[in-house]
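Given next are the chains, with one letter for each unit.
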Amino acid sequence: MHNGLNMIVCVKQVPDPEGPPTSYRVDEEARTVTFQGIPPVVSPFDENALELALGLAGVHGGTVTLMSLGSRFSPAVMLKALATGADDLVLVEMNGDTAPDSFATARLLAAAISRRGGFDLVLAGIQASDTNAGQVGPGIAELLGIPVIPRACHADVTDGRLVVKHAVPGGHETVGVPLRELPVVLTVGFEAGELRYPHLAAIKAAKEKPQARWDASDVAGMSPPGNLLEIVGLRAPKRERRCLLIEGDTPEEQGESLAVRLREDGVL
Amino acid sequence: MVSCESPGILVLTELVDNGLLTTRTRLLVGLAQYLTAGLHGELIALVTGNGAAKAAREAASLGVDTVLLADSPSFGTSGTEALAANICEVCAGLRPRLVVAPHTQAAQDFMPMVAFRLGTALVTDCVGITAREDSTLVFTKPIYGGNALAEFVSGSPTTLATVRIGSGREPTECGHAGSIVPVPVREGRYRLEVLESKHDEPSGPVLEEAGVVVAGGRGLGGPEGFDKLRGLADTLGGAVGASRPPCDLGWADPDTQVGITGKIVAPDIYIAVAISGSSQHLTGMSDSGTVVALNNDPDACIFNAADYGVVADWQQVLPAFSRKVRELLGS
Numbered sequence: 032m033h034n035g036l037n038m039i040v041c042v043k044q045v046p047d048p049e050g051p052p053t054s055y056r057v058d059e060e061a062r063t064v065t066f067q068g069i070p071p072v073v074s075p076f077d078e079n080a081l082e083l084a085l086g087l088a089g090v091h092g093g094t095v096t097l098m099s100l101g102s103r104f105s106p107a108v109m110l111k112a113l114a115t116g117a118d119d120l121v122l123v124e125m126n127g128d129t130a131p132d133s134f135a136t137a138r139l140l141a142a143a144i145s146r147r148g149g150f151d152l153v154l155a156g157i158q159a160s161d162t163n164a165g166q167v168g169p170g171i172a173e174l175l176g177i178p179v180i181p182r183a184c185h186a187d188v189t190d191g192r193l194v195v196k197h198a199v200p201g202g203h204e205t206v207g208v209p210l211r212e213l214p215v216v217l218t219v220g221f222e223a224g225e226l227r228y229p230h231l232a233a234i235k236a237a238k239e240k241p242q243a244r245w246d247a248s249d250v251a252g253m254s255p256p257g258n259l260l261e262i263v264g265l266r267a268p269k270r271e272r273r274c275l276l277i278e279g280d281t282p283e284e285q286g287e288s289l290a291v292r293l294r295e296d297g298v299l
Numbered sequence: 006m007v008s009c010e011s012p013g014i015l016v017l018t019e020l021v022d023n024g025l026l027t028t029r030t031r032l033l034v035g036l037a038q039y040l041t042a043g044l045h046g047e048l049i050a051l052v053t054g055n056g057a058a059k060a061a062r063e064a065a066s067l068g069v070d071t072v073l074l075a076d077s078p079s080f081g082t083s084g085t086e087a088l089a090a091n092i093c094e095v096c097a098g099l100r101p102r103l104v105v106a107p108h109t110q111a112a113q114d115f116m117p118m119v120a121f122r123l124g125t126a127l128v129t130d131c132v133g134i135t136a137r138e139d140s141t142l143v144f145t146k147p148i149y150g151g152n153a154l155a156e157f158v159s160g161s162p163t164t165l166a167t168v169r170i171g172s173g174r175e176p177t178e179c180g181h182a183g184s185i186v187p188v189p190v191r192e193g194r195y196r197l198e199v200l201e202s203k204h205d206e207p208s209g210p211v212l213e214e215a216g217v218v219v220a221g222g223r224g225l226g227g228p229e230g231f232d233k234l235r236g237l238a239d240t241l242g243g244a245v246g247a248s249r250p251p252c253d254l255g256w257a258d259p260d261t262q263v264g265i266t267g268k269i270v271a272p273d274i275y276i277a278v279a280i281s282g283s284s285q286h287l288t289g290m291s292d293s294g295t296v297v298a299l300n301n302d303p304d305a306c307i308f309n310a311a312d313y314g315v316v317a318d319w320q321q322v323l324p325a326f327s328r329k330v331r332e333l334l335g336s
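First to last, the protein sequences are chains L and V. Residues 32 to 299 (the numbering used here) make up the first sequence, in order. Residues 6 to 336 (the numbering used here) make up the second sequence, in order.
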């Protein structure tokens, strides 16, 4: 019999990726992207990771700790995540304007996770919606010297084992890890399901949950990790094409005309 | 441990079931060949697989200087650990400037493991790699779901990158075959017990390699819509794709999702049916040859990314279009 799993879910605050392309302004000179009219949110795959953790805790007990590395945290975003059922929150705050790359982020999070200690599972989204890099989850696993199970869809505890179904190229695989061999890292995508929505009362109550603020430079200790990658250019993508609209008296006629036109133009 | 006098670029290869290189691997060899010219180093390929000798001969014929062949049954379906261990071993011996792999789901799993074990930089999902005059490599990748393109330079002696299919180029004839060197295979210690393995039966061409992709969006209204797309895809010898909403809603297999968080495709013809065109979807298909969009909303973003468009209800357009295509192609 076990007393549930102690889980750490890494969540990143990002500008809402569902915002329209017009809300993103690319400043080529400053090499930054600025946002207009879109609120900060938790990166969607991190939300899926949180949902998977809450599901496990709901069935088997255990604790869920939210951990976030960043700067200028939005209290509303973090409280809402806490209110979905997490137990506590650790904010690892960065100073300075240079955003950490995947390498530095994984090093800082791995150090913060080690400092926190006492965990059975670390969960993170397969990639953040801003950097689209997909390295931090497996990076934390490598730095902590523990296995990673990528793209977890479902997890359960049976017969003294953590059983995880995850997506592999061309299909799915189910793997088992004896509880005594934990911790492991799970990376999570949308297959794990949407994050439950917190009630208003839960959001109010979340303010009372334990919240810690750690300085990233304290966490890193004597050797703060630098970036391996330097951004030297930034531009807006050019994917505008001139669209030829196919007209017709009826939709059927438009469909036929499209086929004929594609044939005439040598596309088909 | 394999070593090399003037290491340049190491290409990690991907095999299809018939034991040959995938199209995206061949195009990646072409890109590496082009870059090697400016870097004055050797072009090396690592061919890993179970029964991979044929692919090694193919790589050698494409103008690769040295093909390292790691042939072992351990590169099976759970081969991520074995792959990562062997790639690390080869990289430690060769110390190449650049290690490239096609941007696949498998590579997204093993490349970060390799990067963090070696302590080197990795740029995933590159849409371009160029060499400056001073031979500095510049890596271009989409960020913010494709709303921006960032250029990076790396401070690591070795840099890893996964590269999109649309960024490759055909290898040029070089007239001589490279040498094939078998390398010892390190058995990866797979630290997890596999309880069950389920592989989908492939139907039609692989999405990322198909010449034609017919993709559907939320506007299809349900899973039945995808059956109609399948009919057109079969006529054109293509594959069926989807934007994210139908995958989230369970109408389409998540494996068919086209976008920055799904599959990256660059077919000759991309037909988008009832897809509005979010940035994260557009960036996954923007390298396509000709883009055709059917949507009843004239303001849908997809029309800005399309060459041909029909503003009408897809349910009425598609059957007529499919029928006419069959007639014109005589099938």
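No lab work stands behind these hints, which were simulated from the structure alone. Check before you lean on any hint, since a few could be wrong.
Stated by the list, open to error - Computed list of chain L residues with no C-beta within reach of chain V, every gap over 10 Å:
hint: 1; residue: 68
hint: 2; residue: 70
hint: 3; residue: 71
hint: 4; residue: 90
hint: 5; residue: 116
hint: 6; residue: 118
hint: 7; residue: 127
hint: 8; residue: 128
hint: 9; residue: 133
hint: 10; residue: 188
hint: 11; residue: 237
hint: 12; residue: 239
hint: 13; residue: 258
hint: 14; residue: 260
hint: 15; residue: 286
Said to hold, decoys possible - Covered by chain L, according to a simulated footprint, are these stretches of chain V (three or more residues, beta-carbon under 8 Å):
hint: 16; region: 19-26
hint: 17; region: 181-191
hint: 18; region: 278-288
Here the structure is a predicted model, which is why all the values come from computation and not from measurement. Glycine residues also receive a C-beta, built at the ideal position from the N, C-alpha and C atoms.
Hints versus structure:
no., hint, in the structure
1, 68, "holds, 14 Å"
2, 70, "holds, 15 Å"
3, 71, "holds, 13 Å"
4, 90, "holds, 19 Å"
5, 116, "holds, 22 Å"
6, 118, "holds, 27 Å"
7, 127, "holds, 18 Å"
8, 128, "holds, 16 Å"
9, 133, "violated, 7 Å"
10, 188, "holds, 13 Å"
11, 237, "holds, 26 Å"
12, 239, "holds, 33 Å"
13, 258, "violated, 8 Å"
14, 260, "violated, 5 Å"
15, 286, "violated, 3 Å"
16, 19-26, "violated (count 0)"
17, 181-191, "violated (count 0)"
18, 278-288, "holds (count 5)"
Hints 9, 13, 14, 15, 16, 17 from the list above are not met by this structure, while the remaining hints are.
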